[in-house]
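> Sequence:
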Amino acid sequence: MSYFVTCPKGLEALLLDEINALGAISAKQTVAGVACEGDRALGYRLCLESRLASRVLLRLAEAPAATPDALYDLVQSIDWLELMRPSGTLSVDFNGRSDAINNTHFGALKVKDAIVDQIRGATGQRPSVEKQQPDIRVNVHLAKGQATVSLDMSGESLHRRGYRQQAGEAPMKENLAAAVLLRAGWDKDVFDGVLDPMCGSGTLLIEAAMIAANIAPGLYRHQFGFTHWLTHDRGLWKELCDEAHAKAEAGKAALTAQFYGFDQDEKVLQKAKENIRRAGLSAFIGVNLSELSELQRPQNMEKGLLVTNPPYGERLGETENLMYLYQLLGQQLRNQFEGWRAAVFTSNPDLCKVMKLKAQRSYQLFNGALESRLFLYEVFAQEDRVQEEVKALELTESAQMVANRIQKNQKNLGKWVKKEGIECYRIYDADIPEYAVAVDCYGDEVIVQEYQAPSTIDPVKAFSRFNEAVAAVAQVMNKKPQQIVVKRRKRQQGTEQYERHDTTDHFFVVTELGCKLWVNLHDYLDTGLFLDHRPVRRKIQSIAQGKSVLNLFSYTATASLHAAVGGASRTTSVDMSSTYLDWARRNFALNGLDNSNHHFVREDCFKWLERQSSAQYDLIFMDPPTFSNSKRMEGVLDVQRDHVKLIHLAMSLLKKDGLLIFSNNYRRFKLDNDALHNFDVKDITASTIDPDFKRNAKIHCCFEIKHRV
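Using UniProt numbering, the letters of the sequence shown map in sequence onto residues 1 to 709.
These are computed hints drawn from the structure, not numbers from a lab. It is possible that part of the hints are untrue.
[As the list claims (entries may be wrong)] Label pairs and their calculated CB-CB ranges:
hint, residue 1, residue 2, range
1, Thr456, Ser687, 53 to 61 Å
2, Arg611, Gly443, 18 to 26 Å
3, Thr456, Gly421, 16 to 24 Å
4, Gln410, Ile457, 23 to 31 Å
5, Phe507, Glu434, 41 to 49 Å
6, Gln364, Gln407, 26 to 34 Å
7, Ala32, Ile457, 31 to 39 Å
8, Phe507, Gly339, 16 to 24 Å
9, Asp233, Ala32, 39 to 47 Å
10, Asp233, Thr256, 19 to 27 Å
11, Asp526, Gln407, 44 to 52 Å
12, Lys461, Ala675, 44 to 52 Å
[To be verified] Below, simulated EDC-like cross-link-like pairs (lysine to aspartate or glutamate); rule was C-alpha separation at most 20 Å, straight line:
hint, residue 1, residue 2
13, Lys656, Glu603
14, Lys110, Asp99
15, Lys487, Asp532
16, Lys670, Asp618
17, Lys479, Asp532
18, Lys706, Asp657
19, Lys698, Asp657
20, Lys487, Glu420
Think of the CB as a built atom: it goes at the ideal place given N, C-alpha and C, for glycine as much as any other residue.
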């Protein structure tokens with residue numbers, strides 16, 4: 001019999017070795033498969049025991065068939081009544097084309113007609129088409145005018161072993177997982193076991209245990225394509241299955257290797273446990289909830305294989321954010337897994353560069369249509385690791401430039417910071433363009449924020465520079481890792497600017513101009529305190545005595561707090577985020593202020609302004625976002641387009657001798673003076689830039705607006 005065994009691209013060489021080991025004759029590797037010959041038992045063994053195959057096709061006929069008539073005649077040359085009952089079911093998979101057959105649906109229809117016509121002509125009955133579980137599945141491949149007609153022995157793809165009914169967000173096919181393990185050199189006689197630190201639904205662990213215990217991958221399947229063939233040899237099939245069961249039981253009884261899986265998602269771990277139970281391997285595979293940062297080598301495994309398929313950006317996250325994950329993986333391998341082998345499978349090889357490990361070997365594989373690579377690492381010995389760590393402490397020449405600049409800024413700002421009693425200030429703001437980060441001090445803690453790099457910049461290079469900048473901060477400012485918070489800046493959409501990014505709840509108190517303020521450097525996009533608006537808050541505090549103050553787009557209402565501490569008779573803070581308004585209330589309580597004269601309104605500022613009717617405020621501060629399309633507001637806010645309307649609405653609430661302070665952070669903002677000609681407008685931006693922001697004078701713009709007398 002002649003067979004063609006298909007597989008994912010990149011697995012052909014492995015499949016050839018496997019097929020030869022199963023007793024094939026004249027096996028020949030080609031693209032996405034292997035052609036071979038053998039008896040009926042070989043076909044059954046391929047379906048039952050191949051870990052790498054997708055489908056096993058039994059060739060029935062092959063001949064030139066570039067036209068519909070020639071294709072019809074070729075299909076009719078086969079005696080279909082030898083294979084199926086007259087009233088049976090069939091389906092046709094057709095691939096390829098010719099000048100005369102340029103549509104796969106048309107080709108499949110022609111094949112179906114040939115089979116149906118033959119059986120109806122001989123018996124008066126006709127088979128029907130069934131897509132799900134037909135009695136026979138016919139496969140026709142047409143290339144260069146040559147057509148090959150085959151029967152699909154597999155039924156559904158052989159990668160579906162039967163144990164996995166639940167999977168995570170980005171599941172790896174079982175035959176690809178087996179290929180990764182085989183390429184990684186998994187052998188129970190070489191390694192003590194397998195560990196997957198991001199195990200997802202457990203596929204790699206299950207396949208590893210099945211290889212070690214010699215469990216045939218098709219043993220759990222209930223259906224194959226040949227099950228209803230008239231030529232199916234049930235006795236031979238039972239004999240092969242009984243043999244496979246016996247091997248599996250003996251393999252499990254002798255199995256001493258251990259298998260550990262970890263993941264941070266409790267729901268996906270429940271799926272993994274179900275899959276492991278279905279595979280009958282619960283006694284051998286343990287999975288537990290754990291962050292990658294908490295990963296430790298099992299004490300009883302001296303030499304193991306760490307194998308994993310981390311997320312790589314296409315579906316589960318952005319490349320830049322995932323670099324931190326891969327960096328952490330590299331650190332954990334160096335710190336915990338000396339003497340182990342690591343196998344990392346990814347479709348984004350750039351991510352592996354940040355692991356700072358040298359791959360001994362790599363293989364090209366395909367995860368569906370995604371071109372991917374498997375990197376193999378031998379984790380170096382301890383003495384080498386110490387040398388690497390010492391080298392890591394040495395700043396590069398460019399990073400030393402960043403360190404020197406921070407040191408210079410510290411010296412220049414030192415007297416001013418001490419004189420003003422300032423705890424929170426900016427000490428570096430992309431002073432060196434290649435190192436586009438902002439470094440802000442909040443008491444003893446430092447936040448390093450990376451500005452989003454242009455798409456033209458190599459993300460790995462940008463990531464390395466960011467890490468160098470963090471190292472420079474740690475060295476110059478003498479900060480421990482837990483005192484440095486790192487973040488990426490990007491344009492926020494929708495409610496992202498209001499949502500939590502973490503759940504540390506690490507709030508602490510800082511002081512500014514006599515006001516105590518809660519800040520949080522971890523959990524949100526911003527910290528609760530806009531440092532660049534310090535001079536505006538100082539001004540508000542100095543002129544607020546006895547005034548009624550309105551704070552629009554109030555955020556955590558720090559400007560309202562400064563007004564209250566400065567003696568304002570009442571304050572009103574309007575924002576559409578309940579998170580930030582609760583934060584504002586905590587700020588007021590921290591300063592012992594009675595909220596009976598201080599009000600917090602959760603509403604879209606546009607809507608709220610339109611409902612007000614009388615001029616009742618002496619002082620109004622308005623600092624709208626550059627852009628917002630939050631679901632909590634109607635339409636979209638664009639500060640350049642909407643500032644005139646906002647200012648007119650706010651001025652209608654301002655008393656005749658009152659003052660509106662209007663600011664925003666849009667770098668290219670242009671005030672529409674013509675539309676605001678009825679008011680006295682003064683640009684005070686220069687006076688609202690403190691020394692720590694002089695290097696970036698476009699950090700915001702600010703205007704004083706009054707009614708004309």
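> Hint compliance check: list the failing hint numbers for this structure, sorted ascending.
1, 2, 3, 5, 6, 8, 9, 10, 11, 13, 16, 17, 19, 20
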